[in-house]
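Asks: Sequence:
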Amino acid sequence: MKRSLSAAALALSFAALGSTHVISMSTGDLRIEGRQVHYELRMPLYEMPHVAPSDPARSEQSLLEHIRFSSSGIEGKLVHRSCRAEPGQAVYSCVADYEFPQPVDQLDIVCTFHVVTVPNHVHLVRAVMGDRRDQAIFDFSFQKATLRFRPPTAAEVAITEFGAGAMRAVGGLVQLLFLASLVLAARTRRELIAISGMFLLGQIGSALIVPRTAWQPPARFVEAAAALSLAYLAIEILLLPKAGARWVIAGLLGTFHGLYFHLFLESTGYAPGFVLAGAVVVELALIAAFAFLFFRIGRLAHRGVDNTRKSAGTQPAPAFRTALKPLQLTASVLLVVGMVWFFLRLKG
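All residue numbers for the sequence shown refer to the numbering used here, where the first residue is 1 and numbers rise by one.
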């Protein structure tokens, strides 16, 4: 299989470098009593510099402006709010109380935390009303939800959890970079199948096995380990072009990526079967799309070389030949992305 990459893949690598966190998740707890709604927010402390970078004092207002509660078309009145940083737990917590003109039966929520944190941010809301419970997940693709406080049907559970897994698989540019790097590392179709299979096996394995152990991996460790694996894969592509067993590195990368799903499953309480199935379906589709895209671009690149040779009547100049090596160029960027990302996570 041709191993050429496009400027699009290169741009993806640079964009992923700018993506702050692979794992960006906050939680909120709601307690509804008649006309009163009590909300408690827990946001990772490392996300707060994004919220109000020019004026940290506005963090409290900025956060609560991006979540709205309404019932029967009437928005709740904010009657009290307070926020504080808790460095010991690495969270920024807020408490807010809302009042409605009539008892709340269903609650509509609009949440856009991804606007003030990072684009792949996920917010999980758990709600209690008497002996009834409900929950909802918000991200860039799902900004509105209605809590009806009734048991969901089996079909609703399957659709919700499958969709959540699918969206987590493409929840950030770094996730896309992981999948693009698998295609970049594969030298043949057979190797692509092996690398992709090991990545998915590692992902599923860690998401299912880690919960059965006493180990609770910190989010920063998960990101740092994934970044280091990504950098090592780039080194293999650059310095060991004929090295075998790249599927081992892919499996390791999948293992660290699976820890991200483990943290998500632990926070939401979702069944791993539907979530992981949704993730695998989307990841396989994206790997196939990247493979087709890179193959087509490789064809165009080689066609461009042939046309240049015909028009010039000679071999391309050395500098021009160097510029036509998108594989090495993109692997170099991948290495920089992995190392910079690794040191950023070490720094915190």
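Some hints could be false.
As the list claims (entries may be wrong) - Label-pair distances were calculated between CB atoms; the ranges are:
#1 P218 with I74: 19 to 27 angstroms
#2 L238 with P151: 31 to 39 angstroms
#3 I193 with A243: 33 to 41 angstroms
#4 L238 with V95: 48 to 56 angstroms
#5 E33 with F292: 31 to 39 angstroms
#6 I209 with A288: 51 to 59 angstroms
#7 E33 with A155: 30 to 38 angstroms
#8 R296 with E266: 14 to 22 angstroms
#9 F295 with P211: 21 to 29 angstroms
#10 V95 with L239: 50 to 58 angstroms
#11 L208 with I74: 14 to 22 angstroms
#12 R150 with L238: 27 to 35 angstroms
#13 A288 with Q328: 23 to 31 angstroms
#14 L239 with A155: 16 to 24 angstroms
Simulated from the structure, these hints should not be mistaken for laboratory data.
Source: prediction; values computed, not measured.
In this text, a Cβ means the ideal position worked out from N, Cα and C, and glycines have one as well.
Asks: Can the suggested window of 50 to 58 angstroms be confirmed for the beta-carbon pair V95 and L239?
Replies: At 53 angstroms between Cβs, range holds.
Asks: If you check the beta carbons of I193 and A243, does the distance land in 33 to 41 angstroms?
Replies: violated (18 angstroms)
Asks: Given a hint of 16 to 24 angstroms, does the C-beta separation of L239 and A155 actually sit inside it?
Replies: violated (51 angstroms)
Asks: Using the Cβ atoms, figure out if R296 sits within 14 to 22 angstroms of E266.
Replies: With Cβ atoms ~40 angstroms apart, the hint is violated.
Asks: Using the C-beta atoms of E33 and F292, is the stated range 31 to 39 angstroms upheld?
Replies: violated (55 angstroms)
Asks: Starting from the range 23 to 31 angstroms, see whether the pair A288 and Q328 falls in it by beta-carbon distance.
Replies: Check passed, 24 angstroms falls within 23 to 31 angstroms.
Asks: Is the distance from the Cβ of L238 to the Cβ of V95 consistent with 48 to 56 angstroms?
Replies: holds (51 angstroms)
Asks: Holds or violated: the 51 to 59 angstroms window for the beta-carbon distance between I209 and A288?
Replies: The hint (51 to 59 angstroms, Cβ to Cβ) is violated, given that I209 and A288 are roughly 27 angstroms apart.
Asks: Range first: 30 to 38 angstroms. Now tell me if the beta carbons of E33 and A155 are that far apart.
Replies: holds (31 angstroms)
Asks: Look at the Cβ atoms of L238 and P151 and judge whether their distance stays inside 31 to 39 angstroms.
Replies: With a Cβ separation near 54 angstroms, L238 and P151 fall outside 31 to 39 angstroms, so the hint is violated.
Asks: Confirm or reject the claim that F295 and P211 have a C-beta distance inside 21 to 29 angstroms.
Replies: Violated, at about 38 angstroms.
Asks: Confirm or reject the claim that P218 and I74 have a C-beta distance inside 19 to 27 angstroms.
Replies: Since the Cβ atoms of P218 and I74 sit about 42 angstroms apart, the hinted range of 19 to 27 angstroms is violated.
Going down the numbered hints, you'll see the structure goes against 1, 2, 3, 5, 6, 8, 9, 11, 12, 14, while the others check out.
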